[in-house]
Amino acid sequence: MLLFSCPNCGPRNETEFHYGGQAHVAYPDQPGELSDREWAEYLFYRQNTKGLFAERWVHSTGCRKWFNMIRDTVSYDIQAVYRMGEQPPEGLTAPPAAQAKSQPLAPAEANPTNTSEGV
Amino acid sequence: MTTEHLPEHPDFLWRNPDPKKSYDAVIVGGGGHGLATAYFLAKNHGMTNIAILEKGWLAGGNMARNTTIIRSNYLWDESAAIYEHSLKLWEILPEELEYDFLFSQRGVMNLAHTLGDVRESVRRVGANQLNGVDAEWLDPKQVKELCPILNINDNIRYPVMGATYQPRAGIAKHDHVAWAFARKCDELGVDIIQNCEVTGFIKDGNKVTGVQTSRGTINTEKVGLCAAGHSSVLAEMAGFRLPIQSHPLQALVSELHEPVHPTVVMSNHVHVYVSQAHKGELVMGAGVDSYNGYGQRGSFHVIEEQMAAAVELFPIFARAHVLRTWGGIVDTTMDASPIVSLSPVENMFVNCGWGTGGFKGTPAAGLTFAHTIATGSPHELNKPFGLERFETGALIDEHGAAAVAH
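These protein sequence lines are chains A and B, in that order.
Taking full-length UniProt numbering, the leading residue of the first sequence gets 1, the next gets one more, and so forth.
Taking full-length UniProt numbering, the leading residue of the second sequence gets 1, the next gets one more, and so forth.
I should point out that these hints are in silico values taken from the structure, not numbers from a laboratory.
Glycine is no exception: its CB is placed at the ideal position from the N, C-alpha and C atoms.
Some but not every residue of chain B turned toward chain A, in silico, with C-beta under 8 Å:
{"hint": "1", "residue": "232"}
{"hint": "2", "residue": "245"}
{"hint": "3", "residue": "334"}
Just chain A, same shape as in the assembly (with noise of 0.2 Å):
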């Protein structure tokens, strides 16, 4: 079982808390004008990192708010905890808003490296 520091509570037993996914999601600013290909990607597309990630968890049997967390997806080492609002500490992690950028599902632009090297 891991071991959370709830931002409001201090340390406490896993079984505490619910999952929330990726964080900084952001709600579309126009969701009148997405394409349904952006309406995927807002409903059904996130970041699935191997390493450092920024998750969303709530205390929901403690302070019953949600909170941030950088958590690595291969050890499970929680890295930072921080509220609601605030950016993920610097250097963790990729900001987030640049990885949710959407991605077309139609054939990608020609590139013109010619390679795409792994990460």
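Could you slot chain B onto chain A? The hints should help.
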């Protein structure tokens, strides 16, 4: 110290070739789905100049970690069609692959514990029968007759109010399934290349033309991804995203016992499924851990809750000891249905999203994915399971409705 002469090594079931410079198609992932895909590419489409690239050893991922349940009692027409086709393939594959992998059609029971469960289950039995899937509804007395060790008293937290039953469902020996496919693939000329990790893809414009690996660059006409929990990592290398989330899914086995459990019992409501392997271990699976994870392990409370449920349903298990527990990484989709599809990259194809139930789908995944790769368009059975459905909204929502234990 003397060294005794060891007996000769038995014949190997497949070669271990070095990768060639180029292939007509490369399958990434040497688990059940990758092996089945290569088998059907060779057998049905005459594509034998192909390779399976496996970063570890053959069938050492989820194929080595699942609870081997095979059934087809899904609610929706699209799911019933593909899973029932899979079950029919399971019925003929031991003969076709000339390998008895102990497919045992001992039936699968899905328990109902609430009035809501009962209504949903009876509805699913009706839907199954209309789709030609064998299914029946059992009352608690009939449940007890089929599986005498089940506790059907009504004084437990989640009493058994009945069950759906699929007699043709069952289990198979997962390692032997992999070996059966691997041997046939090898005979048909497929190169099975282990310890070969894909590190990148080579593209000409938006078309994939090769694979970079830990054992060098391999040129290929086509690439099929069969990497389950690591599908997102590969897709990212290729420059696109998939609508899946990887979670740990845990299971455990007990020590060996006399045969006491004649069928397979699943409970969606209390998140446990139990069968007894041929050797005698009780094999139990849990629900997924809630968080995203690639660690091939999960949190202990999931195992604890699963065992509490198992002991309440099967009081006879109270003194059984856990031999080992483990976790796999399952690739879940939002509608709990798989993705067998073209991808945004030309000549690259994806088979993923089978989530917690990929083992049973192995033959159908192989058949339909091979068709998709060979012809460039989906087979009738996997047409509904394309990536487009997340844009059109034509989801196949099998969450809860399909006896899927999540």
